[in-house]
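Visitor: In the working numbering, the protein residues as written are 58 to 833.
Because the hints were derived from the structure by calculation, they are not lab data. Even for Gly, the Cβ is constructed at its ideal location relative to N, Cα and C. Any given hint could be a false lead.
Said to hold, decoys possible - Pairwise CB distance ranges (calculated):
id	residue 1	residue 2	range
1	Ser59	Asp269	39 to 47 Å
2	Asp546	Ile716	37 to 45 Å
3	Gly266	Gly797	47 to 55 Å
4	Glu800	Gly266	50 to 58 Å
5	Asp697	Gly780	55 to 63 Å
6	Leu361	Arg746	30 to 38 Å
7	Ser113	Leu361	17 to 25 Å
8	Gly282	Asp763	49 to 57 Å
9	Leu678	Arg746	41 to 49 Å
10	Thr447	Arg746	41 to 49 Å
11	Glu446	Asp763	26 to 34 Å
What the hints assert, rightly or not - Below are the EDC-like pairs computed for lysine to aspartate or glutamate, each with C-alpha atoms no more than 16 Å apart in a straight line:
id	residue 1	residue 2
12	Lys290	Asp269
13	Lys290	Asp355
14	Lys708	Asp697
15	Lys708	Asp744
16	Lys708	Glu606
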Amino acid sequence: MSGTLNATVDHGITLVSPTYGNPLTVSGDVSASAGDGIFAATNWTVDNGGTISATSGEGIFLKGGGFIDNSGIVIGVNAYGITSTSAPLTLLNSGYIHGGKAGIAVNQGQLIVDNLMGATISGGLAALEGVKFSGDGPATSTMVNDGVISSGNTSAGGGIGVWVALGSFTNTSTGVVSGGSIGINVGDYSNFSNFGVDTGQVGVVVGAGQNDVTIIDGGTITGAGGEAVSFAKGVIADSLTLLPGAVLNGFANGGGSANLIFGGTSVGTIANLGHEVSLFPTISLSNGAAWEFAGTSDMAGQALFDNNGTLIERNGDSLSITSSMSGTGTIDLSGGTVALGNVVGAGQVVDFQGGQSALLLTDSHSFSGEIASFTSGDTIEITGFGVNETVTSHQSGNLFTWTAGGLSSSTITFATDPGTLALVSMGPVSSVTAAYEIVAPPCFRAGTQILTPDGPRAVEDLRTGDTVVTHDGRARPLIWVGQRWVDCDRHPNPEMVLPIVIERSAFGPGVPSRDLYVSPDHAIYCAGLLIAAKHLINGISIRQIDVPEVIYHHIELMEHSVVWAETLPVETYLDCGNRHNFVGSKGLVSLHADFAAPHWDRERAFAPLVSEGADLTAVRLHLHERLCERGVHPVAGRFDVFADGRLLTAKGADNGQWIFRLPIETHRFAVNSTSSRPADLDPASLDCRRLGVAITDVTVDGRLVDAGDTRFMSGFHMPELRGRRWFRWTDGAAVFDASGAREIAFRVQAVSPVWQTPLTLPQPKGRLRALELHSQ
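Based on the provided sequences and hints, a complete structural model is requested.
Guide: Okay, structure coming up:
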């Protein structure tokens, strides 16, 4: 039978039948100056909405186990708030539980706890733990925390927020755990999953001899003393898995035994890897995971890097891996640098997704992976050659082979024929070793007029021995001319080879004298610097054009120099030792010599080449000012939404959210917009992605959509984070799978601005300021 206690009782209660009913509902106050507040030797159910306290004993002690639903207050002033022995105990807490020793303690018994949002479990200043539980077998005890758990003790042996062994503890996104000394102590055969906040002098500790421990972090772990996560040395089969959104305030120490796993399905970011994690012998990316290792990351000391996901290095990122590399994953180079200093297995693909990406290899270790999308703006550097060693190269289709000292040969495999490449000496990098890089040259499009002593001549009409006028007015002979036909339609990344047109008067009145067409990496000489044409694109006066094919021409002087093409000073070909590859060739090519520091050959180059920084911004700003003088100015972009091609009107905007009701059986939800590249409109930007509208807080029929949801189809860039909120840019024509949906809503984070031009673009009149294009 059931019972109710609604009075005030100033002594402890021992639950026996038939004196007290089972279950027992407490709505009054129980206060025990001696003994336990409530004690039961047999299995009992207690529903507490009142106050239960004990001065010297436990607040509630169910020796025989049972079930407790606490919405009130339970206090064990100098003992445990709630405890049991080896019998199973289930606790649902929406109230307050406190113990001088620990809020909850169960040893070698099954414990199931759900600490709800708004609820608190705490241990006092003398407490060893806020919650301590040890199951009677692997993972038989479970606890889910949506509320607050704390322990105020700051001693080295106490002050643990949660101590778990033979169990599973989950701290949800609303959960907060704090310990004066340790946030979470994880013992044998236990799992800890964190999506909320965990803090301590050390955030998470796995002690000596604690094996088969799994830690998963998708929230915030803070170690105020410097260590966010600490594994003891010699642990067996322990692992730390980081999910997107994970924040480590302090470093993670693998103890030389635990393994580090990067998981999840959306894009995660960790900065300065090597500073944040150390002593993990194996680091891996799980299947389907995508992580950017931002900043400067150094994974020295690991025995193995196992990549089965996507490793991302964006502009400005650099990553050094000295361990061997296995798995079937991808390294996505989007402007970053990756140095691989050990053996790389056949399952790895290095995908060059953005210009100025660099891959660094060593000649002494085999690279059995594959290179994809190696085109304009990319470079492969190889180190480890002897200073006086003769190095030769040979290319056959998508295979590039180099031989050192006439003895050892190494081959790189490209996913498709990369076109003509060459191995170029970078000179010594130490007293005993030298480096080489794989490059391809820039060039002029056929029809370009080059200034000669007899006047302008088409580049295709020039021959070896003909003279051209250099920037200083001198006539110099050509020592070599070459050409290459490029099938742009068949190229895997056409934007890497499509011509760039520099419109007449883009730099100043009559400079150039007419439209000039060059390859993306052909450098323009401005203010004493060389700048690749692709870095000057603004979408109007300097832009890339779409053509099915193009013939490029190369001219070389005895020394790297600058000539006049359509009255604009531009560089000549810098000898890479591969001129024989350009005569009579046909096929897919990438046309680039990577002049980006530190790979730029300063000794042979005519001038420094810049690809970022204040000097580049100043030149781009001048080009923008020229556009403004012609009536061109940026305006806000716009977007429309379609359901299977039918234009939709927003039902309303709730707190900034656009809400769209869909016709029955809609399959494709499209967001179409104007689009632009940030680098086209912002002189200081290097972001060359085409952006339309950035959306966030996407819901389908009221349910929030994950950033990595497979319903995001074509036209969406990878998810990005602002704080803890994700958003995704479209490219101007994005499609979401709306099958089965009746309503889709989203918030607009931003809309990319676009250029607005007058009906005609007048050429500026009068004497207008022009950028200095050459030094005197």
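Visitor: Now tell me, hint by hint, if it's right for this structure.
Guide: Evaluated hints:
no., hint, in the structure
1, Ser59 to Asp269: 39 to 47 Å, "holds (42 Å)"
2, Asp546 to Ile716: 37 to 45 Å, "holds (42 Å)"
3, Gly266 to Gly797: 47 to 55 Å, "holds (52 Å)"
4, Glu800 to Gly266: 50 to 58 Å, "holds (54 Å)"
5, Asp697 to Gly780: 55 to 63 Å, "violated (29 Å)"
6, Leu361 to Arg746: 30 to 38 Å, "holds (34 Å)"
7, Ser113 to Leu361: 17 to 25 Å, "violated (55 Å)"
8, Gly282 to Asp763: 49 to 57 Å, "violated (35 Å)"
9, Leu678 to Arg746: 41 to 49 Å, "violated (21 Å)"
10, Thr447 to Arg746: 41 to 49 Å, "holds (43 Å)"
11, Glu446 to Asp763: 26 to 34 Å, "violated (53 Å)"
12, Lys290 to Asp269, "holds (14 Å)"
13, Lys290 to Asp355, "violated (22 Å)"
14, Lys708 to Asp697, "holds (14 Å)"
15, Lys708 to Asp744, "violated (34 Å)"
16, Lys708 to Glu606, "violated (47 Å)"
Of the numbered hints listed earlier, those contradicted by the structure are 5, 7, 8, 9, 11, 13, 15, 16.
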